[in-house]
Each structure stands twice: as structure tokens, then as C-alpha cells.
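J.: Chain by chain, the residues run as shown.
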Amino acid sequence: MAIIDFINFYIVPGLLLGSIYAVGAIGITMVFGILRFAHFAHGDMATMGAFIALAVVGLFGVTPWTALPIAMVLTAILAVGIDRTFYDYLRKRPAILTVMASLGVALMLRSLVQVIWGVDPQTYQRGIVRPDTYFGILLRPRELYTFLSVIVIVVALTIFLRASKWGKAMRAMSDNPDLARLSGVDNRMVTLLLWTIVGALCAASGFMLAINTELTPMMGWFLLLPMFAAAILGGVGRVEGAVLGGLIVGMVEELSVLVMPGQYKAATAFVILLLILLVRPRGLLNGKVL
Amino acid sequence: MKLKTTAGLIASLLGAALIAAPAQAQDARIALLGGISGPIAAMAPPMIAASELAVKQVNEQGGIGNGGTLRHVVGDSACNPQNATDAATKAVNIDRVIGIVGPHCSGAVLAAANSVAVPAGVLMITPSGTSPQITAIDDKDLVFRTVPSDDYQGRALARTIKERGMAKVAVAYLNNDYGKGLAESFKAEFEALGGEIAGYSAHEDGKASYRSDLAQLARGGADTLVIFDYGDGTGLTLLRQALENNFFTNYVGADGMKSDAVIRELGADNLETFFTSAPVGEASESLENFRAAFSAAGGNPDAIFTTTAYDAAFLMALAIEKAGGDRAKLSESLRAVASAPGEPILPGEWAKAKQLIAEGKDIDYKGAAGDHEFNQAGDVAGNYAFFKVSGDTYEAIADMK
Amino acid sequence: MSHSPMSVSPATADDFVLAMENVRGGYGDADILQGVTIKVAPREIVVIVGPNGAGKSTAMKAVFGLLIVRGGTVVFDGEDITGWAPNRIVKRGICYVPQVENVFREMTVHENFEMGAFLRKGDLTAAYDRVYQLFPDLKAKRKTPAGDLSGGQRQMVAMGRALMLDPKLLLLDEPTAGLSPKYMEQIFQITRDVRDTGVSIMLVEQHAKQALAFCDRGYVLATGANRHEGTGAALLADQEVAHMFLGG
Amino acid sequence: MELIGLANYAIFMGILIGIYALLSLALNIQWGFTGLFNAGVAGFFAIGAYTSAILTSTPALNRMGGFEWPILLGWAAAMLVAAMIAWPIGKICLRFRSDYLAIATIGVAEIFRLIIKSEDWLTGGSRGITGIPRPFGDLPYVQSQLAYLALVVIAVLVVYLLVERQLKAPWGRMMRAIRDNEAAAAAMGKQVEARRLQAFIFGSAIMGLAGALFVHFNRSITPEAIDPMIATFLIWIMLILGGSGNNRGAILGAAVIWIIWSVSELLTDRLPTEVAIQAKYIRIFIIGLMLQLVLRFRPEGILPEERKRNPVGPG
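Chains as they are written, first to last, in this note's numbering: chain D, 1 to 290; chain W, 1001 to 1401; chain P, 2001 to 2248; chain X, 3001 to 3315.
With the rest of the complex left out, here is chain D:
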């Protein structure tokens, strides 16, 4: 196989898939890190975000990429609302109850998507797009935009977390919640910020998946487990770890077909997950152990 084919048909799709996983995994790892629970509604929240973008495209006739920021804001508001309504009052109780609540939210979101938008697969823009060539590498505009958006999101988030007062407060909360509270960090504010960011990231990951494939009510649910694998692989609570984990999971999934039958592609994420839990439960970048 020519190197260029290998890049075009295995590496680039792997990176693309990995980028989508990464954006979702960042949210999961942040919820894990700060609120200490596995957020099972993450995938369905991504679905919701993707469909909200579809609604924005339909209502205002804007291009999908213009709809994305709007969808991110709306999904962020939704995420904050969900937290206030369904998770917040469980904060002092065992984490399992919040996990269960998030499972319930997942079901409710999926059902809403089915009722509002129906069950047919849909796309933002009809037709197919053949790729452009950049030094032999085949890329479609939407793929280019996806990569760019992921970079923008990761850089912006990193700057926010490293340089801003509240970003640092969020890291502090993830690092050592008791001490953060002793330092006077307001829990509620951090939680509000967290869900704003998580909601926006969910919308982004759902949107990117949808624009590269189709929108279906189950799309996010299928995304959930690879995203968990990515978050744990990178190290819980580590944003850069989630990105790394996402890229690795995406890449390994795409490359797995070289050595395994295609129907086991879905298993690769879990195998990676189990291996990492066994060998290095803190993840590649030394995350938290819950």
C-alpha cells in the first residue's frame, strides 16, 4: 500500500474520528474531574446539540458552520438547565445516584430528539463532497473545518483554564475540591461554568460527527463508550489527556481493520480501555484515580 493511501484512508479518517472523540472526551473528563461522576447523558447531549444545529440551519437558513456557535450556546444553556434540574440536588449524595440521573437524562433527551425531529437520518447539507488535494492529501472543506475547530476549541479552552481566574478555579476544583472550597472558590459558579463548557463541547462533538456523517437519534449513544475510553486513556481530569486519548482511540479504531475483522472495530475502544485500566489506571497523563 502506498504511503499516501495509508495517510488518506487510514490516518486522516483516524485523526478526524479521533478529533470528534477528543472534543467529547474533554467534556467527560471535566465532569469526571470536577464533579466526580460518569456522565452517561454525554452522548445524547451531543445528539441534542447536533439536532439543535440542524434546527438553526432550518430556521435561519444559515450555513452549518455558522449554526455551530449558536447551537453551542443553546446546548450550553440546556446543559446548565439539566444540571440545575436533575443533578444539582444530588451533589451531596453518593455519586451513583447522579450517574443514574444522567442515564435518565440520556433517555429523556433521546426521546425528545425522536419526537421533535423524527427517526430518519438527516444531513445539514445534501449531496456529497469530493475532496481537494493538498500535497497529495485528500481533504474536504468540512474535514478541514473540523480539524480547525477542534484546534480552536482546545486552544481556547486551554487558555481559559491556564490563564483566567475562573479557569484556574476549575482546575483547582478538579485538583483538590476541599482545598478549593477552603480557598473560597464558589462551587456553584464552577459548576455553572463547567456545564456551560460541557454543553458547548457536546454540541461541537455532535455537530462534527453529524456533518461528517448523518444525524440520527442514536448517534450520540454510540459515541459514548469510545469517548469514555478516550477520557480514561488520557487520564481523568486531564484536558490534554482527553485530546490525546481521543486521537489514539480514533486512530486505533480506524487502523484496527488492518489486523482484525471489521465487526470487531467497535471492540477496539473497549480493549484499549481495559488494558489501560489494568496497566496504568491513571491514564497516560497521570490523571486522577476515582
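Which residues of chain P face chain D? A few of them, derived with a C-beta cut under 10 Å, are:
hint, residue
1, F2064
2, N2087
3, K2091
4, V2097
5, P2098
6, E2114
7, M2115
8, A2117
9, R2161
10, A2162
11, L2165
Listing some non-contacts, in silico: residues in chain X with all C-beta distances to chain D over 12 Å:
hint, residue
12, G3065
13, W3087
14, A3150
15, V3153
16, R3176
17, A3187
18, R3270
Hints in this document: simulated from the structure, not taken from any laboratory. Treat the numbers as computed from the prediction; the structure is a model and nothing was measured. Just so you know, even glycine gets a beta-carbon here, dropped at the ideal spot from N, CA and C.
Go by the hints and put chains W, P and X onto chain D.
T.: What follows is chains W, P and X alone, placed relative to chain D:
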């Protein structure tokens, strides 16, 4: 004590349900069970709508028996055995149906037939359960299907595309009973004919990317990709990614791919080398009758399995009419109305059929998806045509032998 | 007004930065503190010592609102703060350095200090200068994650973080636990330096002898109640106290 | 006439509730009493189902078996194989703390599901296994259903009594101590690990039994039956809703959820078809909402765990 409370709760809820459902003696009740929620959620509503069209036509053209109405309930089999048996049990015991059209998925059919329909003596016709396992059910002649076992279609498709000069193909199939059944029979026949399978792989539902799968398939040098999947599911993603990357020249699907979603989302211009097979009736007016009626009713005749779903419901109604509503005679009557010889009845011709039955004449339903000459096991032989995309719809370009 | 028979305070309540009187309470249903009285005067280093399970750390947490207090009062700087939430107490001017997990491990030294000053607005230059002056070792490590530092340096970061809010009273929970004698001496020295910048200090110590030797006043607790109190030197000289800690 | 229909339906519901109650009881052993967050229920359910199916079904051409074993042997084997597979998994996974264990077990169950779907020689792949005998399957419909209900009820009863007895024994007291008190757990060290493993294996064996009861009821099994939604998460919802830590709660939760799920459809079926189809999606919403309501107003579940030392009730 708790048991009593629970039982009381069940009883009161059921009571409420029953009050809401008055039954009249001369009416006949059937159930339409479909995978409304679950993995084939996108396919189920049009299929249900097609079956309902048959029910509507029956009632508009004289109803059942002497002034009776054909009533139906819609149940969700969710494509899994748990929900399928639940829905079938409710249909049989609470709604007192005498026939079930459905369920849609083979696993659901197996469970619902084995633990509900057959023991309870209720006739069941599935429009889309394609697994060969259904043939083997010990069914007391109560389980039928209007969709051929995937064996027929896979083989017919192999012969057709071999004839059309596609000698080296790659096969991508969805890892479920539908995809796998087609892929296996296709492969066997295609290789027997001297064709070369240059790539053969299964894929799971719901993954975000299939590009490396496709690249892997393309490595064998095949110019044609045969996709056994659903056009409003993963098959759409797969076809899109294959087209966008120019992995192959020709794309061929079975009936599952003959979905309007494919044309709607990918665009007809991009589908000039996309072909599908699908079951059709021998008399071409059969399909036309159905298409016209279903379009008029707001349905989409290109949606998957709508023809078989319509035929299943129409056949059920014919059998009920023939049996005079007698549950015990139902399967015998079904065989009578479906098989030659007899006066041909096309989709929508309920009034004519009703009159012939009343006169004691033999009829033979020639459906939108085939003639439905049931064999011993309640299976039908397939009758297929080869379709290409033309404008916003599919156009038959050849019969498949 | 409740008052403890043990109370032999040298001055009236108004002269103390902190006056915790006859406090009872615990984490759950059971009272761990059975009536504890501890007072800290301005610019004073007060040490709480006692055997394991005496309620030393618990007494400190009672000051900081981390306990369910079921009796007694905690008065800080003339205001009754009994039952206040920790973040309110922080704003009022008490900072607490927990025994363990007292730094943000993944954040740099400097970021730890920033977090310490989270509630402060305005120019922080003076505050940073103060901590880096107190802990010159940390100046070179300001970009190092606190988790990568040695135990003694981590303790400095923890104290520095607490000092960023410019508290009137600093609570140190076993700051020398697990440190080598050399570091222990250093921490004590730093504690004195901190006091000299005008802060009152209350600390809980496991190393009773060393701590009593360096403090201004000490309290000996046992089974959740006051046993002895006095200047460090006086307590060290006390036969009963010596017996308690030297064994035999 | 109608009453017989009602009774038939009630019998059927009883059978499925019984099977789900077994799963819920098994999960209660693992989560309710031991604190093991097993989110791979479907995996052990599947192992039991397929084991019994392969061993008791009639011979098939293109897969292993069937061996036509007696049904009871098939059930015993289902429990045994589920336990045997649970042992190494527990050995490896139980060291993870709650959420990690959950995600690891989801992963294990998904791998099982993919293997079952793909390895035709063993499980019949996506076509599944048919020709599985059903005890009393030759009786007329109603009698056969009743007989099966009796079997399921006996199984639930036996498991219930067994678990209750174990809980009152020192074993159960120790399990709860381990769950509630980290320090006590740490102090007991190695022994704790062994106990947790025992609970995991015991629970998994019962999940296997539930799987076996399920396949013999349907005389067939296909991979759709082990979808994580209906074979793992639904059971979690049942247990949390019924009251984790309370065996009667576990059974009640199974009953309540299944009845709501099933009966709600009866009511929505009276609506016009388009609305009825929408209503099926809304059913999923209702289950989600129910879960939220219980978590909000009764987080210990409908029947909370009985704790002697903590008489404080909800509210």
C-alpha cells in the same frame, strides 16, 4: 400483601385499557407489530403506514364480512425479544387480535412466534424477518412471511450483476441477520458463477467512520462494492464515504439500500452507478397500484419494506374474509387466497376480492412485492427486479432471474 | 455564659483574636469534642497537643466550620462565627492549612498562591512578595507543579497559599507530619517568621516536645476535652504532661 | 373471555417480571450489598442464555451443539459458566473503584456481545439459536404459560430466600460493613477482596440463570436480546427505583418498571397511529422521568434498605 397491591394495580390499569377499547362482534382485529423504537426506528413508521393503507382500503371497500370493520392496533416490538413478546402478548390477550402483521426483526419474530403466536394459535405474517431460522420454527402452519428468505435475493443479485459484467466485487455487510444472510448467499452464488470476491467484511452499526473498512475492501482491486445494509442507517454512511473517496466505480445494494433517504441525502446526480435489487410482483401493475395508492395516502413507496408490509396486511385481511373470521381456519385460508389457481387480485382490489370470496370463487393475490405463493414452511420465493436511480425515485431496469 | 473551670486565661475575651469556649460537637451523631476551650491572642503561636484520638484536629476544624457544633461558641475578632460556612470564615480572616492534600498538586507553585488569593481583589504584588520572601526556596520553583515538590516544600506552598489572603489567624494542622527533623525545624522557623508579619497562629502538633518548646502557649487535650494549658515552657516542665508524652 | 385474556397477559407479565426480578436481585447482591458497580449485566445474562441454549437445543448444522441436554442441567450449566467467566473478570476488574468498574464492565459486556454476534460457529452469530426446548412447552397455551410462570416464581423465591439468608449470616453483615466503611474494609484487607469477588460471582451466576430462563421461555435467542439498554441499564433503573439494598425493593422495582413500560403502551395504542408511534418514543421519556422523580423524592428507592442503626427516614 405487596403481591396483592401489585395485582390490584395491574387489574385497575388493564380495566382502564379495556374500557377504552370496545369490541364489536363482527369486527376483526389484527395487530401491526413493528420495531418502532430501537435500531430500525427509521424503517418502522413507513412500514406501519403501508400496512395501515391496506387496512384503510379494506374498510373503504366494504370492510370485513357482513358490515364488520377491520380494526388494528400498533405495537412496538423494538427489535428485541423482550418487547416483541410483550407487544404480541398484549395484542393476543388484551386486544384479542386474530392475526399479527410483524414483527419486523427476525429475532423479534422468533421470540414472538415461539412464545406467543404459535402457542396461542394466532396467525403471524412478517414483512421483513428475513432470517432462515424463521423457516425452521415449529409453527403449526401459523408463521408466514411476505419477504423472501435472504437466500433467494442474495443469489439472484449475484447472478444479475455477474451477467451485467461486474466480475470482481467487494462485499460490505451489516453484522446482523439481514446483512449476513444476504452476504453469505451472495458470496456462494457469485463464486459458483466464477466471479471473484476481492473483499468481504462485516461492520457494526453506528460507528462514525467506515473509511478504513472501505479502503481495506478496495485494496483487493474490485470495481464494484456490494452493500448489504440499510439505506437509512449505516448503509447511508458507508455509501457516502465510499462515493466521496472514489473507492469503487459501481455500487450495488439489496432491498435494504433501496431507500429514499439515499437519494434525498446523497443526491441523484451522485448515484448514477448505484443499483439495487428489490422484490416485485410478476404483474407490474401490482407494484404500480400500490405505489399510486401509497403516494396518494402521503406515504413514500420507496421506503424499505413498504411493499411487503402492505402485502402482509392485505393478505391477512383476505385470509380473515375467506375464513369468515374463524381463527382456526385462518392459515388454511391464507394459503388459499395467496396461491394459484384463482382469479388474480391486485393491491387495492378489496371490493373485487370480497365479492369473489362471497361467491365462493378462488382468488390468488398478486402483491406489490411478489406473488406470495407460500411453500410448506410459509416462505415465499422471491421475484426481483434490478433498480437504478432515476430522478427522485428508483426505476426498474431489469428483471432478475 | 458558659465557662470552663480550666480557664486560667491571662486576659479578658476581648484581648483574644480567637476564643473558642466549651465547644461540643462532631462529624456525625457522636460528639468527639466534649467541651473544649482554646484561645489565641494576637501575634501568638498556640499549639494543641495530645495523644491520638484526643480531638486535636477536630478542635481546629470546629474553628473553621468543618464540624457540627452542638454547644459552646467560637468568637473571632469580636464576632461570633459559630456555625459559619468555611468560605465565609475565610473571608472574615481565618485561613486553614489541612494536614494532607493541602496543595493543588497539578497546579504550579505560583498558581497555588493565586488560588490562595482567589477572594482578593486589587493589586497582589505585596502579597506575592511576602510569600516569596518567607519562602525564598519557592521562588525558583514558581513554575513547578506543587505535586512535584518535596514534602517540606509542599508544606511551604500550603502555608503560602493560606497567607495569600492576609489572614489574621492561621490554622496549621500537623504541618510537620512526615517531615525530617531538619524540615521540621525549618517549618517551625517559618511559622515564627509568619507570626512576625503579624499573624496569630494555632497549630496542631504530633511532635509535642518540639512544638511545646517553640510555641508561646499550649493546650493539652485528651479524649475531646482540655487537660492542661499554659506557656510552652510551663507545660514542658509539668510532670503529668511529660508523663503523658514520654510514656512510662 | 376478556378475563382470560387479562389473566394470560398477567401471567406473561409475571414471567418477564420474574426474569427481570432475578437480574435485579443479582445486581442487588453486587451493588446493593457489596457496592460493586457492575454495568455489564447484559454480558452475564448473555452467557447464561447462550450456554443453556447451546447445551439443550437440538443439533444444528453450522454451529456447535446443540447437545440436547436436559433443561435443568442446562440451567445449572448456565449458572456455572457465568460464574466461571465472572471469576477472572472479577479478579481483574474488582480492583477498580466504582465508576471505573462500571465502565470496565460495560466494556467487557460489549466485547461479549460482539463475540456473540460474530462467532457463528459458537453462537449462530447474528441469526442466533433456535430449537431450544421449553419446559411444559407441549401443554396448551394457558397451561404452558402458567407452568412456566410457576418455574420462574420458584426460581425467584429460591434466590430471594437464599440471598436473604446469606445477608443475615455473618457473610452479609460483613459485606455491608465493607461497603459502608472504607476503614473497616481496609483493615480486613485480603479477606475483603475475596468477599467482594464472591459477591460478584454469586450475582453473575444468578444473572446467568435469568438468561437461561429467558431463552427457554422464547425457545430462541438472538443478539438483540442482550442490548445494553434492555439488559443492563433497565435493570439498574429497576434496582435504584425499587430500593437498592432491599431484596423486596429489587423485585418491586422490576415489577413497577415493567408494568409501567408495558401497560403504558396499552393506553397509548388507543390513540391515532401517528400519535401512538410518537407515544412509543415518549415511553422512553417517561422511564427517564420516573427515574428522576424517584431520585428526587425518594432517593433510597420505593423500599429503602433497612438499616437498624439509622432510623432517620426520608423527608
